[in-house]
Amino acid sequence: MNSNRKQRMDFVGYWADYVRTHADKDWSAQQNIIINSCLRNAALTKEQFLEMKHEKSRF
Amino acid sequence: MEITPKGIRLDRELSDLDKFAIDFSRIIARHARYVIVSGYVSILLGRARVSEDIDMLLPEMDMTKWKKIYSSLTKSGYYCLNAQDAGAAYDYLRSGIAVRFAPDGIVIPNMEILFAPDKVQKLALATRIPAFVGKEKIFVSDLELQIAYKERVLKSPKDMEDARHLRLLLGNGINKLKLNKYERALK
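Here the protein sequences line up with chains A and B, keeping their order. Using numbering that gives the first Met the number 0, you'd call the opening residue of the first sequence number 0 and step up by one each time. Using numbering that gives the first Met the number 0, you'd call the opening residue of the second sequence number 0 and step up by one each time.
Okay, chain A solo, but in the shape it has when bound (with noise of 0.2 Å):
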């Protein structure tokens, strides 16, 4: 395993653990920061994200 993807996996344990070991509220209020800006700031056209899904609209 590469640094880089050895490095996230420790991150997904460091998260589990914080996750398992604090009230849903507390934990979800972070994971939606990332979530709802992510969702928010998101500028594709329909054609641009069946593109980058490698699919093809049926218009």
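Honestly, the hints are just simulated from the structure, not real lab data. Computed from a prediction, not measured in an experiment: that's the story for all the values here. There's no promise every hint is true.
With a Cα cut of at most 27 Å, we get these calculated DSSO-like pairs of lysine-lysine [stated by the list, open to error]: (1) B:K154 / B:K66; (2) A:K24 / B:K18; (3) A:K45 / B:K66; (4) A:K24 / B:K134; (5) A:K52 / B:K18; (6) B:K154 / A:K52; (7) B:K121 / B:K67; (8) A:K5 / B:K121; (9) B:K136 / B:K177; (10) B:K154 / B:K177; (11) B:K157 / A:K5.
We have chain A; now place chain B onto it with these hints.
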């Protein structure tokens, strides 16, 4: 968070992704059995990542039933990203191609729907578990099946991380017999 063989109970704050998943699932549940699989299951349970889409499996169905679902979705403010009408979407689904729905005027997040014709997909539908999120309920894949599928079939770094997150959450509560059974089924 409480994870038992009968389901999951969460008292989390809802993200925009959760609100989308819950509203969409409520519409589908009026018409058909469904199960949410893959990345969103880990995200719902706290994984620190985002996804632009959610994967949902539906049982194979006839065109009449599908048209009712399609109509309910469009009347509820959703549109199909990759098919122009219910018939075209049905052709996609019957061909094993996913159709995607998003709230009107939005591309992300969207729901990626597939029919479940093969053994593993049917297993996911048959063994789904409820996740009670506050007062809401959505059905997600059995966690041991998710772990087995991500570790044995998908295997990408992202999937291995999702599986690790679920493994760590389950801890000693993981059902090893069930996990082994799923791993054998996926060979």
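Tell me if the straight-line CA distance from K154 of chain B to K52 of chain A falls inside 27 Å. holds, 18 Å
Quick one, are K157 of chain B and K5 of chain A close enough, alpha carbons at most 27 Å? holds, 12 Å
Straight-line Cα separation of K24 of chain A and K18 of chain B no greater than 27 Å? holds, 15 Å
Do the alpha carbons of K154 of chain B and K66 of chain B lie within 27 Å of each other, as the hint requires? Answer violated: K154 of chain B to K66 of chain B is near 35 Å, above 27 Å.
Could you grab the alpha-carbon distance between K136 of chain B and K177 of chain B and see if it respects the 27 Å cut-off? Within the cut-off at roughly 24 Å; holds.
Would you check the hint for K52 of chain A and K18 of chain B, treating anything up to 27 Å between C-alpha atoms as holding? holds, 23 Å
Please verify whether K24 of chain A and K134 of chain B have alpha carbons no more than 27 Å apart. With a Cα-Cα distance of about 15 Å, the restraint between K24 of chain A and K134 of chain B holds, given a limit of 27 Å.
K121 of chain B and K67 of chain B were given as a pair; does the straight-line alpha-carbon distance stay at or below 27 Å? Cα-Cα ~22 Å, so holds.
Compare the distance between the alpha carbons of K154 of chain B and K177 of chain B with 27 Å, and conclude whether the hinted pair is satisfied. holds, 20 Å
For the pair we were handed, K45 of chain A and K66 of chain B, check the Cα-Cα distance against 27 Å. holds, 23 Å
Can the restraint linking K5 of chain A and K121 of chain B be considered satisfied, given a maximum Cα separation of 27 Å? violated, 34 Å
This entry does not satisfy hints 1, 8, going by the numbered hints stated previously.
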